[in-house]
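Take the sequences, apply the hints, and build the full model.
Here's the letter readout for the chains.
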Amino acid sequence: MAVLNELEKIWYFMKRDIVSFSTYKTNIFVLLLTAVFGALSFAFVGQSSINQSVTNAYDTNYTTYLIIGLAFNTYLGQALTLVQKTINPWALEEVLVSPTGLATFIIGSSIWGFIWSTAVVAIYLLLGVYAFGIILTINVVGTLIVLALGIGTFIGFSMIGSGILILTKQGDPITALITIATSLFGNVLFPPSVLPPLLQIIAYVTPPYYFFTCIRHVLLGWTIQMILPDLLILTLMCAIIVPVGYVVYSVCLKTARKNGTLSWF
Amino acid sequence: MQTENAIETINLIKKFKSTVPNGNGFLRRKTITVNAVDGINLTVKKGELFGLLGPNGAGKTTLVKMLCTLLPPDGGTALINGFDIVKQQMQVKRSLGTLFSVGERGFFWRLNGYRNLEFFAAIYNVPRQKRNERILEVLKLVGLENNTYMTFQKYSGGMKRKLALARTLLPDPPIIMLDEPTTGLDAISSRTIRDFVQTTVRETGKTVLYTTHYIEEAAQICTKIGILKQGKIVAYDSPEALKAKIKKDEQIELVVEGIEQTQIERMRMLPGVIEVTEKNDQPLMAGQRGIHIELQSVDQLPLIFDFLFEQKIKLVNFKREEPTLEDAFIELTRKT
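Chains G and P, in that order, are what the protein sequence lines are. Here the first sequence is numbered in our numbering, starting from 1 and rising by one per residue. Here the second sequence is numbered in our numbering, starting from 1001 and rising by one per residue.
Some hints could be false.
Said to hold, decoys possible - Derived lysine-lysine pairs resembling DSBU-like cross-links, with alpha carbons at most 30 Å apart:
| no. | chain 1 | residue 1 | chain 2 | residue 2 |
| --- | --- | --- | --- | --- |
| 1 | P | Lys1030 | P | Lys1046 |
| 2 | G | Lys258 | P | Lys1087 |
| 3 | P | Lys1017 | G | Lys258 |
| 4 | P | Lys1030 | G | Lys254 |
| 5 | P | Lys1087 | P | Lys1224 |
| 6 | P | Lys1154 | G | Lys258 |
| 7 | P | Lys1319 | G | Lys258 |
| 8 | P | Lys1045 | G | Lys258 |
| 9 | P | Lys1232 | G | Lys254 |
| 10 | P | Lys1017 | G | Lys254 |
| 11 | P | Lys1015 | G | Lys254 |
| 12 | G | Lys85 | P | Lys1229 |
| 13 | P | Lys1154 | G | Lys15 |
| 14 | G | Lys25 | P | Lys1154 |
| 15 | P | Lys1319 | P | Lys1046 |
| 16 | G | Lys15 | G | Lys85 |
| 17 | P | Lys1229 | P | Lys1015 |
| 18 | P | Lys1243 | G | Lys15 |
| 19 | G | Lys254 | P | Lys1229 |
| 20 | P | Lys1154 | P | Lys1224 |
| 21 | G | Lys258 | P | Lys1015 |
| 22 | P | Lys1154 | G | Lys85 |
Unchecked claim - Stretch-level coverage of chain P by chain G, calculated; a stretch enters the list once three of its residues show a Cβ under 8 Å from a Cβ in chain G:
| no. | segment |
| --- | --- |
| 23 | 1063–1073 |
| 24 | 1155–1165 |
It should be emphasised that the hints constitute simulated quantities derived from the structure, not laboratory data. This one's a predicted model, so the numbers in the text were calculated from it and none came from an experiment. Ideal Cβ placement from N, Cα and C applies to all residues, glycine included.
Below is the structure:
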């Protein structure tokens, strides 16, 4: 009964977000347009050296590589800003005085964002398949596992960034750092193997690299056994970052409540 | 838990640290500690409409935020409906409805009034079967039944505050805390909210903690008042008892006709008269003068009337000034 009650609350969070979202008609149009043009503009970027690296690593072409990278980058972007969206101090105060737990609040506040991101990913992939002829052989279980680990890791980063933001009110270095690191070293637009050796080292210690490596492989039909080393590293990173994020967020929230600065912007 | 007290604070303390400039130099700062709530012991009985009166920065909002579990205390504790604000937070939250001073902040501006309340009804555990009925009921209670489906962003300031009040009432809590609910509202909206609190909320037997810095507002609707200054309760009683605490000279105002300046001078010499001043702040007829007299005691009043009678001075109007709650507030917050 309690679970049903919580599920129903989550439904109302989502319903609230759908109604709010549907009123921003221009924004919906722009978001859809961005997805379409994002796919179109990057599809022609392929360089010969990049192509060779992509072929060596994934046995596919650069268009396929790029479309998968862009599509799932939106997912990670959603996860990265997820917790921040819930720390609007006014909304946070209203929820903290209600008999609803913070976990329900965070999950409920984010679920619609993920559904929308799924739709955007689907647009990217459908365009890739039907307009650019990319061939996907999706390992569904593998995809779900890699997605869960990637989203989890980025929610961990989001909690660290949001915790800092609760205290600093402005300026979240973690989110900015992760966004830049993902663009430069994350294996989103080009494989790290085209980078200078020193920068390649940075790429190999960042979670986005492992996420994008694994997600591409499972979408191209690789089995879990085949990606196991990268998957284990991603799992380890997720297992460290999520609890660290939760602790940082909780400590920062507690500190802000104690200092009476929660409602400050 | 059965208890006759709705709210009880026991030596409740909240301290805030802040940095202030320390001498010359941009970077030279020192940390100071401010006792925002300084050992408050307060009891609000069930069904009482308790007013917490205090100037800006007295600690009213801090106290409210502590009582609704938003701020952890640095010392002492408080019981809400018998539940401890530190150890039994979920029970406290179920017993309370809180309207913050800018209560409209947490709403979703693109949703209409009904959808906003539907969301809050879910997170406040209003039973699913009763939800629709309860939403329409509270919207009607606050007078928004004709604006149910208007988007929140189109609401006026008064309507937004009424919707916040409706949200507070939604889970039907036994205790309601209203933190400066009329601040920033026009006179009509303020009056509507005051009337609503005084009648509708009281009729349902709820306990209300009403914070305000408007003295007359507290005097008008509250059965008991606590005056808060620099985090301390400096007075606590009924509005009438607080007024009675003010030791004030007897003040009377007369409008008289045909009085000479020499007679005013002679009036000053009467026993028990402290001061006689002319007061012409109201429109008077030709030949009339306003006189303000301070007496040591009301016992000297017959001497004034005797003097007027003997001197054949016509008394047109007489008013004895009662101490107001404002007098009590100023006196109590000044002397402590």
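Here is how each hint holds up against the structure:
For the hint linking P:Lys1030 to P:Lys1046, the alpha-carbon distance of about 44 Å lies beyond 30 Å, and the restraint is violated. Annotation: proposed proximity of G:Lys258 to P:Lys1087 holds, straight-line Cα distance about 16 Å (limit 30 Å). Among the hinted pairs, P:Lys1017 with G:Lys258 is consistent with the structure: their alpha-carbon atoms are about 10 Å apart, no more than 30 Å. Of the pairs offered as hints, the one joining P:Lys1030 and G:Lys254 holds, with about 24 Å between alpha carbons and a cut-off of 30 Å not exceeded.
Taking the CA atoms of P:Lys1087 and P:Lys1224, the gap is about 28 Å. The hint holds against a cut of 30 Å. For the hint linking P:Lys1154 to G:Lys258, the alpha-carbon distance of about 36 Å lies beyond 30 Å, and the restraint is violated. Annotation: proposed proximity of P:Lys1319 to G:Lys258 is violated, straight-line Cα distance about 53 Å (limit 30 Å). Taking the CA atoms of P:Lys1045 and G:Lys258, the gap is about 28 Å. The hint holds against a cut of 30 Å.
Using a Cα cut-off of 30 Å, the hinted pair P:Lys1232 and G:Lys254 holds, with the two alpha carbons roughly 25 Å apart. Among the hinted pairs, P:Lys1017 with G:Lys254 is consistent with the structure: their alpha-carbon atoms are about 15 Å apart, no more than 30 Å. At roughly 15 Å between alpha-carbon atoms, P:Lys1015 and G:Lys254 fall within 30 Å of each other, so this suggested pair holds. Pair hint G:Lys85 plus P:Lys1229 does not hold up; C-alpha atoms about 37 Å apart against a cutoff of 30 Å.
At roughly 21 Å between alpha-carbon atoms, P:Lys1154 and G:Lys15 fall within 30 Å of each other, so this suggested pair holds. At most 30 Å may separate the alpha-carbon atoms for a hinted pair to count; G:Lys25 and P:Lys1154 meet this at roughly 18 Å. With a C-alpha separation of about 39 Å, the suggested pairing of P:Lys1319 with P:Lys1046 is violated against the 30 Å cut-off. The hinted pair formed by G:Lys15 and G:Lys85 meets the criterion: a straight-line CA distance of about 16 Å does not exceed 30 Å.
With a C-alpha separation of about 15 Å, the suggested pair P:Lys1229 and P:Lys1015 falls inside the 30 Å cut-off, and the hint holds. Between P:Lys1243 and G:Lys15, the direct Cα distance comes to roughly 53 Å. Violation of the 30 Å bound is thereby established for this hinted pair. Taken as a hint, the G:Lys254 and P:Lys1229 pair is honoured in the structure, with Cα atoms around 27 Å apart against an allowance of 30 Å. A hinted pair counts as satisfied when its Cα atoms are at most 30 Å apart, and P:Lys1154 with P:Lys1224 does not qualify at roughly 37 Å.
A distance of roughly 9 Å separates the Cα atoms of G:Lys258 and P:Lys1015; the hinted pair therefore holds under the 30 Å criterion. About 24 Å separates the Cα atoms of P:Lys1154 and G:Lys85, which keeps this hinted pair within 30 Å; it holds. For a cut-off of 8 Å, the count of residues in the segment 1063–1073 of chain P with a CB near a CB of chain G stands at 6, and the three-residue condition holds. Coverage of the segment 1155–1165 of chain P by chain G is violated [criterion: at least 3 residues with CB-CB distance below 8 Å; count 0].
The structure fails to meet hints 1, 6, 7, 12, 15, 18, 20 and 24 from the earlier list, while all remaining hints are met.
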